[in-house]
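Sequences listed follow chains A and B, in order. This note's numbering numbers the first residue of the first sequence as 374 and each following residue consecutively. This note's numbering numbers the first residue of the second sequence as 171 and each following residue consecutively.
Bear in mind the hints are in silico, worked out from the structure with no lab data behind them. No residue lacks a Cβ here, since even glycine has one placed at the ideal position from N, Cα and C. You may find that some hints are simply not true.
Said to hold, decoys possible - For each label pair, taking beta carbons as the anchor points, the in silico distance ranges come out as: (1) Ala582/B / Glu621/A: 57 to 67 angstroms; (2) Ser757/A / Pro205/B: 50 to 60 angstroms; (3) Glu789/A / Gly461/B: 18 to 28 angstroms; (4) Met571/B / Ser448/A: 16 to 26 angstroms; (5) Ala582/B / Gly432/A: 15 to 25 angstroms; (6) Lys591/A / Gly461/B: 28 to 38 angstroms; (7) Gly578/B / Pro546/A: 55 to 65 angstroms; (8) Phe450/A / Ala582/B: 51 to 61 angstroms.
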Amino acid sequence: MAPTPSSAPSSRSLPRRAAVVGANRIPFARSNGAYARASNQDMLTAALDGLVARFGMAGEQVGEVVSGAVLKKSSDFNLTREAVLGSRLAASTPTYDVQQACGTSLQTTLLIANKIALGQIESGIAAGVDTTSDAPIEVNEGLRGVLLAANRATSTAGILKALAGLRPGQIVPEIPANREPRTGMSMGEHAAQTAAAWQISRRAQDEIAAASHQNLAKAYDRGFFDDLMTPYLGLTKDDNLRADSTVEGLAKLKPVFKPAGYPDTEATMTAANSTPLTDGAATVLLASDEWAAERGLPVLAHFVDAETSAVDYVHGDEGLLMAPAYAVPRLLERNGLTLQDFDFYEFHEAFASTILATFAAWEDPIFCKEKLGYDEPLGSFDRSKLNVVGSSLATGHPFAATGARIVPTLAKLLHEKSRRDGSGGRGLISICAAGGQGVVAILEA
Amino acid sequence: MSNDWYSDFVNSSIGRTIAGQVGLPPVPRLRRYEPGQPLLSGPALLGTATADGRVAKVVRSLLTDLGIEVHDDPNAPVGGGSSTSKVAAGIIDATGLSGPMDLAEIQAFLTPVMRRIGPSGRVLVVGDVPAEATAPAVRAARRALEGLVRSAAKEARDGATVNLVHVADDAVGADLESTLRFFLSSRSAFVHGQRLDVGTVPGFSGSSQHVDWDKPLAGRTAVVTGAARGIGATVAATLRRDGATVICVDVPASGDALARTANDIGGSALQLDITADHAPATLLEHAQRHGGLDVVVHNAGITRDKLLANQDRDRWNSVIAVNLESQLKINDALLASDVFHRGGRIVTVSSMAGIAGNRGQTAYGASKAGVIGMVDATAPLLVEKDATINAVAPGFIETAMTKAMPVGTREAGRRLSSMTQGGLPVDVAETIAWFAQGASYAVNGQVLRVDGQNYLGA
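Same shape as in the complex, but just chain B:
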């Protein structure tokens, strides 16, 4: 039983009947990732918008190699069924658009897809990067995809997601593999109505060959700050599940919960105030026990909510120090040290509040928007180490913190999203774990919302 009584109700047999009769919004049960789960639970439809599309063949070979049934015709009968049988995914290669008239091909493909997409299905549009086009008509067409995807996402049902991936001209098929796998799999269960750019920071380098996709973090050492409980503890467990050795960091006062997190996943516990001057050095020294560091997840964060009119300097400073300054200092140390390995990954946690703003959260919102600026500026600096930095921006996630919210605020947070529910800590963790993969080398400088397409700031 979750603590979402409404979801439990409308998913009960009597609740479903009543909800249907009086028009209550349904709350889909989302398919979530489990080790060994196939990438897709059924057949896929794969379309191309233009003859110049450069992504479809990559997708096709990925899917067919995995034994997934793929059809080019969106009206094709699938799985021995009919032309209306459900499909697990609809993917359209929307690269190579020459102008708005090409969008009609996308509509022609996606219209049957939207009718046929099954529960927790995946609709994925892959296009070119608008900023890389100079001709107005081309750029307009590329940019149009975002409006299409965000709108289609609001129409999707039953836990199906609709997302957009932009692929830079520099990026070739292999550069896309970890991203395709993430968006098609149930690791992206709560990522909905979002856009992600691949290969937009020049100079990236890496390989997606020889990856054990069941243990994509095998052999890697990761640090997770704020790991004692909540989302951080789940991130640590998820990185461990994917094969990483995890150093769990939290403030000394949370050391008992931190020890439990670390012992549960065979990691180590480091009690550390990340705002202390010695924190970056202590972190790197501890990591040397494991022969260095591959992944750093800046998850630790605090809120000291006050209306701006009532805010004071100490509260303000403590939020900025923990949520932003500590990350900047640690990143500087990582960049300067060989302990942070070539091919390293920094993943940081922004927030919906940093994008949309939130009443009472000027300090928190400032810090979380600041994190986005940090990601933007740090991404190109990491290229020479073949490293990346990306941010996840959670929306309403079911945690002890949200459990303590007043019921009205909590219900609004849950229902005002296309998924009509809060996400789970593991949804944030899955996105972080994907950013952390070595194979995600072409994904740099990105901020991805994990919010079920929350209406705030969308």
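The shape of chain A in the complex, shown without the other chains:
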């Protein structure tokens, strides 16, 4: 067990808690599939319009819309504003963009929730969008240098001189890659190292993947997403979903990412227990209780608190995607909770191995002692409460949209529980992000 948390100052000293009122996302599509020709702005606008329709907000102004994308063209510098102007929201709705890799839209949720808690706004929409199909392509750095030099030149001769620096190799464009700039390793290669370090088995990873697909399929069957999603471009469900996934079936897939530095460890990661590249957009409507009540809108859950952390993966100190292992204990401590105090655990499945490594770390006395400074480990929790309606391995993972997918998913689960049992509930969200960062949050109903 974790140590008894100290009575540190908590978010409960905030004037009020923001309510999660509802949400809308478009189904997530595998890269270069149904949304191959849709831009970030198209998808975000569609997701916003579905939200506006669900809550009858056409022509209304909300306090703020905050969104972002990881893969973003330079022309999309004001992506959220442009999407709002093209949406059915009032054009007088202010916006800004945020980017924190896969943590983007949990972070935008936190930003909106904090402003609501402080009474600076009464309502807001947190969102995120990403396309890996309509990805930005930049000109090669060499070519860029030449073109900028030519632009700086003040005479024809100067321009010609600068252009004389053109070389055939410069025609090769820069295409964004799923690679950490400081290590040159792909995210999968990083995750493979972490999986090896924590000795995460192939079977355990496949179990997570199969459960994700099966849970998502069941959730669709019971209409769970009827008020969380609006079809887009002919897609009515996440097209990555394989409802018939089984551990046995997944075991047949060929593993990739042989972990560097672990010569005795076999590759365990497959296309099924790693998230695919995906396109999509998600939005979540937050408000004060008063704002919701005035409109007769439901309050699904309240945003309690959140924590962001980062680890030094560059110097080998920690795995790239292990930041939540640090953020969660800090969040628990601040709120006087233990890891076991939750009804639902919503962990973004970047890779099945990532969340398994995180769980292993929390069960490990050495990690908890040396890295967290706890005398006892955080321990384990009831895995039947993990990702009960599926997560990123099944839905797919448009980087910046995942937080805004998970927040309303958890809020609705808590709302269902409190209606069913007549008692409240609490859920934990954890999202790891590129750059060695992590965002985690608590919701209550």
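Please arrange chain B on chain A, whose structure you already have, making use of the hints.
Quick look at chain B alone, frame taken from chain A:
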């Protein structure tokens, strides 16, 4: 340009000439309602069949209050013109008939009316309810009106309509106002050769006072199922135009089109499979956002057409579940809940196929006939809530569905009607919006065809 090439052709200048020479049937352009449009575009002729008529004075005060020129003599010069000048309406109070000999007065009035009625004019016969008469001669005379009206409708030209309204003994003048306004206005453009009964379900109660007739649904909240596209989307827009806040419902798979419908009219979108067990509860819960529900339009419907010889159970059941059972379940929930307000209105969509039958549509026809039975039985149950239920039965309506029909079937559907054209979704919507009015409180248990007097099952 419509997708009715024949109509476009015969209404073009060269088309009109050719059509006239070779005897092609004309396709009248129908006057349709726009906000602010006057009730009638010209003078009206108002006749009475007997001294016992009880409706003429109601009609007269309605028309004169609106500044409409009214003449009792069907041969009167009107509008500063002559005794043959066109009129916008001819209305005859045919109540109080004592026997078939009184019908001659109606003929004497309607004969000049039929000569003088203008484009998209309105001929309206208002009589007593036959079933309320016990004497054979009286009942025969009352019943005769229907044959007269249905036949006259087949003679009417240029988009003029001929319709019959029966008024129950219990119904007084004010009870009739929304109905008179509907049949006289261009909201009833495609309602032709039909009969409607007012006040026939006892115990009705309501008021047509203080109605903003330009926004008769102001302050009311309505649900429209099947609102993503087609007729449902038009119904939602029409209810909105008349002042209602609209909750647009459709299956989750149609959610993107549904969101567009809802956002276009400032309504809300509810993605819901109406056949789900939780559907009635979910609907009522959503309506609580708006403080309750005043109008429910059961528009959602599906076809799974097969010859009966080739029909299977799953197809059959899905049609019955969507088109009929879902409505029954939702109605039960409405009756049991205060969320459905006193004075509420349920409007459902039947079909010509439910009246006349249609090849390949045994399941659809069964479901749409079943809807009529549901209306009959539900109407008296709603009286204690001052609520009503009525059905509209569309004929051939120009939609994406009819656009996809084979050309022969489509042309037959259009031309085999007195209006020689298909109706528009808005024609169905206008009728639904009228049923939905608070002022239509005396109209209950009715099935009104919106079909331009289609010959099928007429």
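When the hints from earlier in the document are held up against this structure, which numbers fail?
Of the numbered hints given earlier, those the structure breaks are 4, 5, listed in rising order.
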